[in-house]
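Quick mapping for you: the protein sequence lines, in order, are chains A and B.
Just so we're aligned, residue 1 is where the first sequence starts under the numbering used here, counting upward by one.
Just so we're aligned, residue 1 is where the second sequence starts under the numbering used here, counting upward by one.
Since the hints were made in silico from the structure, they are not lab data.
Please read all numbers here as calculations on a predicted model, not as lab measurements.
Hints may be right or wrong, so weigh each one.
Calculated pairs, DMTMM-like style, for lysine to aspartate or glutamate (alpha carbon to alpha carbon, straight line, at most 25 Å) [as the list claims (entries may be wrong)]: (1) B:LYS11 / A:GLU41; (2) A:LYS59 / B:GLU103; (3) A:LYS70 / B:GLU56; (4) A:LYS70 / B:ASP86; (5) A:LYS57 / A:GLU38; (6) B:LYS57 / A:GLU41; (7) A:LYS70 / B:GLU52; (8) B:LYS71 / B:GLU52; (9) B:LYS14 / B:GLU56; (10) A:LYS56 / B:ASP98; (11) B:LYS11 / A:GLU38; (12) B:LYS11 / B:GLU103; (13) B:LYS57 / A:GLU5; (14) B:LYS71 / B:ASP24; (15) A:LYS57 / B:ASP24; (16) A:LYS56 / B:GLU103.
Residues from chain B that keep clear of chain A, each with C-beta distances beyond 12 Å, as calculated [said to hold, decoys possible]: (17) THR13; (18) SER62; (19) GLU68; (20) LYS71; (21) ARG81; (22) GLY108; (23) ARG112.
No residue lacks a Cβ here, since even glycine has one placed at the ideal position from N, Cα and C.
Listed below are the residues making up each chain.
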Amino acid sequence: TQLLEQSPQFLSIQEGENLTVYCNSSSVFSSLQWYRQEPGEGPVLLVTVVTGGEVKKLKRLTFQFGDARKDSSLHITAAQTGDTGLYLCAGVGAGGTSYGKLTFGQGTILTVHP
Amino acid sequence: DTGVSQDPRHKITKRGQNVTFRCDPISEHNRLYWYRQTLGQGPEFLTYFQNEAQLEKSRLLSDRFSAERPKGSFSTLEIQRTEQGDSAMYLCASSFRDRGALETQYFGPGTRLLVL
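Bound conformation, chain A alone:
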């Protein structure tokens, strides 16, 4: 069974602080995705990382994919109250009928206080 462990589970910080969320897998996925979800809504894709060692930046968000393609991190610089939400990493299935199937981590609930 492929599992994704996310940490921390909860994060409560002040506006302007930096933070990092980690996602670790027991196995290799074809790619890894990060989503953000707001209460009462479905997850929205932020980024897909495919290549080991890849780094992608999306404004104040930086995503890294580990060299072995089994771990990833999301770093937010100068957090804003609008960053509050549930952040999810998801591994994308590699082959056969599992191709494209998502396996999610348990999520990190981020609260940014003004």
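Using the hints, position chain B against chain A.
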């Protein structure tokens, strides 16, 4: 196109009743997924379709759960004899599977089920 839609958005039912949820994917998306999400947790895969064929079912999907996508467009998820443990958000996602290309799933807003 306005994205993936789900109906109803909220459902309250009594234990033992049957419920049915509907998902309308983005048109021309050939894949449709169902996930279940409990409060503060990540979604868990339930099942998915490519066109009208159901290709995989999770062991989470007990005999009381059934999903259909009869014409390869909308899908329904039925839960028979609901139990309190079925209370969760049921999410639908759709995507276009094109061999060799990255697949992006687009999620609907979910149906929140509460079983009393």
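Structure-based check of each hint:
1. In summary, the hint linking B:LYS11 to A:GLU41 is supported, as the alpha carbons are separated by about 15 Å, within the 25 Å threshold.
2. Taking the CA atoms of A:LYS59 and B:GLU103, the gap is about 23 Å. The hint holds against a cut of 25 Å.
3. Under the criterion of a C-alpha separation no larger than 25 Å, the hint pairing A:LYS70 with B:GLU56 is consistent with the structure, at around 24 Å.
4. With a C-alpha separation of about 32 Å, the suggested pair A:LYS70 and B:ASP86 falls outside the 25 Å cut-off, and the hint is violated.
5. Taking the CA atoms of A:LYS57 and A:GLU38, the gap is near 21 Å; set against the 25 Å cutoff, the hint holds.
6. The suggested pairing of B:LYS57 with A:GLU41 holds, with an alpha-carbon distance near 24 Å, which does not exceed 25 Å.
7. Under the criterion of a C-alpha separation no larger than 25 Å, the hint pairing A:LYS70 with B:GLU52 is inconsistent with the structure, at around 33 Å.
8. Straight-line distance between C-alpha atoms of B:LYS71 and B:GLU52 comes to about 6 Å, which keeps the hinted pair within the 25 Å bound.
9. Simply put, B:LYS14 and B:GLU56 have alpha-carbon atoms about 29 Å apart, too far for the 25 Å limit, and the pair is violated.
10. Annotation: proposed proximity of A:LYS56 to B:ASP98 holds, straight-line Cα distance about 24 Å (limit 25 Å).
11. With a C-alpha separation of about 20 Å, the suggested pairing of B:LYS11 with A:GLU38 holds against the 25 Å cut-off.
12. Annotation: proposed proximity of B:LYS11 to B:GLU103 is violated, straight-line Cα distance about 31 Å (limit 25 Å).
13. Of the supplied pair hints, the one linking B:LYS57 and A:GLU5 holds, its CA atoms being roughly 23 Å apart against a limit of 25 Å.
14. Restraint check for B:LYS71 and B:ASP24: the C-alpha separation of about 12 Å stays at or below 25 Å, so the hint holds.
15. The hinted pair formed by A:LYS57 and B:ASP24 fails the criterion: a straight-line CA distance of about 33 Å is larger than 25 Å.
16. Taking the CA atoms of A:LYS56 and B:GLU103, the gap is near 18 Å; set against the 25 Å cutoff, the hint holds.
17. Look at B:THR13: its CB is around 19 Å from the nearest CB on chain A, clear of 12 Å, so calling it non-interface holds up.
18. At roughly 18 Å, the least C-beta separation between B:SER62 and chain A is larger than 12 Å, which holds for a residue marked as non-interface.
19. Here B:GLU68 stays apart from chain A, with its beta-carbon at least about 18 Å from theirs, past the 12 Å limit.
20. Its beta-carbon lying about 21 Å from the closest one in chain A, B:LYS71 satisfies the requirement of being farther than 12 Å from that chain.
21. Every beta carbon of chain A lies more than 12 Å from that of B:ARG81, the smallest distance being close to 27 Å; the non-interface claim holds.
22. Non-interface status of B:GLY108 relative to chain A is broken: a Cβ of that chain comes within 12 Å, the nearest being about 5 Å off.
23. Its closest Cβ contact with chain A, about 8 Å, brings B:ARG112 to no more than 12 Å, contrary to its assignment away from the interface.
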